[in-house]
Every structure is written in structure tokens, then in C-alpha cells.
Amino acid sequence: MKGFAPLNPSDHVLLVMDREIRREGLPGAWCAFALELGGRPDEAALSGGLDAAAAAFPTLTARLRQRGRRFGWQRGGGTIPLVRHTCPPGLDAAGFWQKRLEALMHDPGEAAADDASPLSFHLLYAEDGTLLLARWLHPLMDAGGVKRLFDFIMSPPEERGRYLEDAPSLVDRRLGSWSWGRRLTLMWRGKRHNDRIDRIESSHPATTVERGRRSLRIRQLILDPEQTARILSNLRRRVGLGGQSLYFIACLMRALEQIKPASRGAGWCIPYAFDLRPGNAPVPVTGNQVGVLFAQASHAVARDRDALFQHLKTQHAEAIRQELDMAYLPLMWLGRWLSLSKYARILRRQKTGGERSSAWFSDIGEIRFSRPDFLGASIVGVRHGCFVTSPPSLAVLFSRFGGRLSLSINHLLPDLPAEWIERFQTHLVSELLAD
Amino acid sequence: MSDIRPRLRAFVLEELIYCENPDVFSNEQDLLEAGLDSLGIMRLIMFAEREFGVTLPDTEIEPEMVRNFNALTRWIESHRQ
Chain R
5 MKGFAPLNPS DHVLLVMDRE IRREGLPGAW CAFALELGGR PDEAALSGGL DAAAAAFPTL
65 TARLRQRGRR FGWQRGGGTI PLVRHTCPPG LDAAGFWQKR LEALMHDPGE AAADDASPLS
125 FHLLYAEDGT LLLARWLHPL MDAGGVKRLF DFIMSPPEER GRYLEDAPSL VDRRLGSWSW
185 GRRLTLMWRG KRHNDRIDRI ESSHPATTVE RGRRSLRIRQ LILDPEQTAR ILSNLRRRVG
245 LGGQSLYFIA CLMRALEQIK PASRGAGWCI PYAFDLRPGN APVPVTGNQV GVLFAQASHA
305 VARDRDALFQ HLKTQHAEAI RQELDMAYLP LMWLGRWLSL SKYARILRRQ KTGGERSSAW
365 FSDIGEIRFS RPDFLGASIV GVRHGCFVTS PPSLAVLFSR FGGRLSLSIN HLLPDLPAEW
425 IERFQTHLVS ELLAD
Chain V
122 MSDIRPRLRA FVLEELIYCE NPDVFSNEQD LLEAGLDSLG IMRLIMFAER EFGVTLPDTE
182 IEPEMVRNFN ALTRWIESHR Q
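First to last, the protein sequences are chains R and V.
If you count the first sequence from 1, position 316 lands on 320 in my numbering, and the numbers rise without skipping.
If you count the second sequence from 1, position 72 lands on 193 in my numbering, and the numbers rise without skipping.
Mixed in with the good hints there might be a few duds.
Claimed, not checked - Heads up, simulated EDC-like pairs for lysine to aspartate or glutamate below, C-alpha to C-alpha not over 20 Å straight-line:
| no. | chain 1 | residue 1 | chain 2 | residue 2 |
| --- | --- | --- | --- | --- |
| 1 | R | 317 | R | 439 |
| 2 | R | 317 | V | 170 |
| 3 | R | 317 | V | 183 |
| 4 | R | 317 | V | 179 |
| 5 | R | 264 | R | 423 |
| 6 | R | 103 | R | 132 |
| 7 | R | 317 | V | 181 |
To be verified - Heads up, incomplete: computed chain V residues facing chain R, CB under 7 Å, no partners named:
| no. | residue |
| --- | --- |
| 8 | 137 |
| 9 | 138 |
| 10 | 139 |
| 11 | 156 |
| 12 | 157 |
| 13 | 158 |
| 14 | 159 |
| 15 | 160 |
| 16 | 162 |
| 17 | 163 |
| 18 | 164 |
| 19 | 167 |
| 20 | 182 |
No wet-lab data here; the hints were simulated from the structure.
Even glycine gets a Cβ: it sits at the ideal position worked out from N, Cα and C.
Build the full structure now, drawing on both the sequences and the hints.
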């Protein structure tokens, strides 16, 4: 067991999803977080930063392995790969980045997924800009950790110490601070909450299509500062300071409602993760440090914009009041003793066997890097991407950088074709800007 | 009433924002700038309601109310009376 770092309960959930994605013939729960740079970064400094990161966080170069009933990262040294790609003549930067991003997400391959490096960096050079892309397997870390890894790499060596106290995971630390009685109380509360949620069968944007060849497409949408300011003003008025993600979730539900669900249940259910790290904390870098909550609304409520915001706000406040934000941690912890397929069946799906999530959602929030430039190149934008299970075949990721709202719409073909996404995007943007 | 601020400080600096040296984090320092996020604000409000026996209305959750420890303390005190 030397050099074996077990997954924390939150990582384990992502592993369950990774296996579900692979069962559909897709490469797994791969994610992307990219910096759009105004020029070329100092490559030698980047290589040095990656070597320092590999030495500081040995999990980043480990391989996913099973030891008995536990899954974890088998460390064995090695480096974080850095691959360079150059835009062929005649292709614009945005088109090149898009094509390469989608190709890289599919690249690790199904059979080799456990042997692929769980994290790699890619420099995509085009004439009018550079994209620095981190691609990682989701059980390894969350987007907040990747942001901290970028900070680590761009910091001078003498300032990197603040990112190094990287253990234990915040999920394990919080679980460890509770008595068994408290763990059990919260666990039952979480289980009861799941049961309540499952009384409303979730609708999905795509009907279940036959198993077969699927692929991921990613659309990036970056709104201008004026549109972003308008959305933030709407957000403040509609959901206030205490529930910012709810605005995006409500708009997502409304956009889905307007297109009409292909698989019609009684309402929409959108899970949303929250970061357990205290705000601005430099650590932990590795592992998923998140808990989960659920936003749920019937179709009737989703059709009424005013009612939907009020409903989600009340639901969110009640969830925090009942400590449901913490109740899933012991449930996830318990799930580690189940097989991956049993975990998916008992804890992730509804009792009818249907997928609980109507769409995957993430609000990465406002991204503020520790420095304005990345090793000599200005940071002008951010991009994200992720795989998703089928159903729901749709994942929408939000973040803000430099006063611009960034949306990443990830969808599986053929479940959700391009024309569907076109209509969905129109409705979503219109909902975000409404009022 | 004087117990509000220290208990708020302990909760926020332990659970909600990261501060290398909590002792030097002043009562006027900006909590939002220090990383207090949306869910953190909600958890803070629930903590205050539970610990100090107040109800803090949704409609009053404005940046000025949660800007720093002094503002937060004043807000909670105004609902305690």
C-alpha cells in the first residue's frame, strides 16, 4: 500500500460518474480548464512550474488503482505531460482551440483510461493568441484545485509554500470532527432528503437513445462586460447575495422548460456543488473538496419566472437551515463501501431507476488569479469543459473572469444535436438577460 | 450583546474565509474581498439566527450588512432588540 492515497468520499462520487460515462463508450470524466493568453508564456518557466507541481503534489502524476474495496491514487513519480499544438494555416484561433479541446477530451481513449496520466497540460499556439489547457480526470481534483494549481505554477518559487499544506481532504477532516452520533443523524437526514426529492421524477432534455457511438461537443460563450453587469444586477435583485448560483440554475430550468423536456417527469432537478474550502484558501489543491445540494422545481413553478426564483431561494435557505449541505458528506462516506454500480443505483439514481439530474451544472464563480499574467503572457479569458453521463447528456458550467460571464455548454451527440443546443442557448441567454 | 462579534469572528475565520493570521484581521476589513461567497453568506446568516436567536430577513441581505464584522454585529444587534 506504499504510495497509495485513497480517494476521499467526494472523489469517490466522481469515480462512480466516471465509470457511468465509460459504460457509454466515452473516455471518462475528463474535464478541461483553459486560460486564454494574450501571447506566448515563458515555456521554460512553465516546464519548471510543472516539475515543481509534480514534486509538491505526487498525486498529480499517480494512476488510479483499486486496492481491495478502496480506490485511490498509486503514486510512482513521473512528470506532468506538457504537449504543444500549433494551429494549421487557414484556421482561426477560436476554431482551432475548439476542435483541439474536443479532440483532447476524447483523446485518452476508453481502454487506456486508468493508465493515462490523470493530468496533462497543453499549449495551443495560434497566430492571434495562445490557449493553455489543463485536462484532468475529475476524481483527481476539482476546478477550484486546478485554479490553485495555475496560481502555484505562475508564482515565483519563494511564494509557492502557501500551496503546499495539501492534506488531509476537507471532506475527511469534517467527517473526522463529528461524533458517530452526529454522522448518523446527518446521514439519515440526507437519505430522507433524497427520498423526498425522488418523489418528483426528474425530466430530462434528451430521451434515452440507444447505446452506441456518442461524442462530446463543447460550446463556449463569453458574454461582454455590459451583458455580464446586467446579469449580475438581475441576479442581485432576484436571489440576493446569499444564493448567486440559484439565478443561473433558475435560468437553466426556464430554458429547458421552454424547449419542453424530451423525457417528461414531474419537474427539473439540478444538483449544485459547493466548495468546502474557506474563501480564498490556497489549499487543498488536489482532491474534490465539495459537497452537494439539489435545486428542484415542478414544471408549473418553472413556467413562472417570479415564482421560480422565490421557490429556489426558499428551498436553498431551508436546505442550509437543516444542514443538508453537510448531510451528503456522511452519505458519500457510506457509499464508499458499496460497489460502484450499487452506489450509482442506490445513491445517485431515483428509485424508479431514472437519472436524478436533469442537467449537470457548475458555478465556478468569480475567478481571481494571484497574478494578472501567466509567466509573461496576459490572461484574457477562461474556458471550461467536462464530460457528462447519458442521460442527462447536458452539462452547463458558469464562471466569471475579468468582468465577463463565461458559459460552457457541454452536450453529447447524438442525444442532443446541434440544432437543439442552438435553441437552448438562445433561450438560456435570453433568460439570463431578462427583466 | 458584546458576545456577538467574537463568536462571529470565530465562526467566519474558522469556517468561511481563509486568513493566514486571523488575529490581525480587523473588524472593518472587507469580508467579501476576503472571499466570503454566496453560500458562505447563507451559512453565516443561519449561524447568526441559531446562535443569537434572531431572524434576519432576506430583504435586508445587502452588501452593506455583511461587509465587515462591525456591520454584521450592528445588523444582528438591531434584530435582537
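Evaluation of the provided hints:
Restraint check: the Cα-Cα separation between residue 317 (chain R) and residue 439 (chain R) comes to about 18 Å, which is no more than 20 Å; the hinted pair holds. Distance hint between residue 317 (chain R) and residue 170 (chain V) is fulfilled; the C-alpha atoms sit about 17 Å from each other, no more than 20 Å. Our distance criterion of 20 Å between C-alpha atoms is met by residue 317 (chain R) and residue 183 (chain V), whose separation comes to about 15 Å. Restraint check for residue 317 (chain R) and residue 179 (chain V): satisfied, since their Cα atoms lie roughly 9 Å apart, inside the 20 Å limit.
Note on residue 264 (chain R) and residue 423 (chain R): the hinted pairing holds, with a Cα-Cα distance of about 14 Å set against a maximum of 20 Å. Proximity of residue 103 (chain R) to residue 132 (chain R) is assessed by CA-CA distance (about 16 Å); at most 20 Å being required, the pair is judged to hold. Note on residue 317 (chain R) and residue 181 (chain V): the hinted pairing holds, with a Cα-Cα distance of about 14 Å set against a maximum of 20 Å. The criterion of a C-beta within 7 Å of any C-beta in chain R is met by residue 137 (chain V), whose closest approach is roughly 6 Å, and the hint holds.
The criterion of a C-beta within 7 Å of any C-beta in chain R is met by residue 138 (chain V), whose closest approach is roughly 4 Å, and the hint holds. Residue-level restraint check for residue 139 (chain V) holds (minimum Cβ-Cβ distance to chain R is 3 Å; threshold 7 Å). Annotation: residue 156 (chain V) was flagged as interfacial toward chain R, and the flag holds, the nearest CB pair being 2 Å apart, inside 7 Å. Look at residue 157 (chain V): its Cβ gets to within about 5 Å of chain R, closer than 7 Å, so that hint holds up.
This hint holds: residue 158 (chain V) has a C-beta 5 Å from the nearest C-beta of chain R, less than the 7 Å allowed. A cut of 7 Å between beta carbons decides the hint on residue 159 (chain V): the least distance to chain R is about 4 Å, and the hint holds. Interface hint status for residue 160 (chain V): upheld, as the beta-carbon distance to the closest one in chain R is roughly 5 Å, under 7 Å. A least Cβ separation of about 5 Å between residue 162 (chain V) and chain R falls short of the 7 Å threshold, and the interface hint therefore holds.
Given hint, residue 163 (chain V) at the interface with chain R, holds; its Cβ is 4 Å from that chain's nearest Cβ, closer than 7 Å. Hint status for residue 164 (chain V) relative to chain R: holds, with the closest Cβ pair at about 6 Å, below 7 Å. Contact between residue 167 (chain V) and chain R, as hinted, is supported at the beta carbon level, the nearest pair being about 5 Å apart and thus within 7 Å. Look at residue 182 (chain V): its Cβ gets to within about 5 Å of chain R, closer than 7 Å, so that hint holds up.
In this structure, none of the earlier numbered hints is contradicted; all agree with it.
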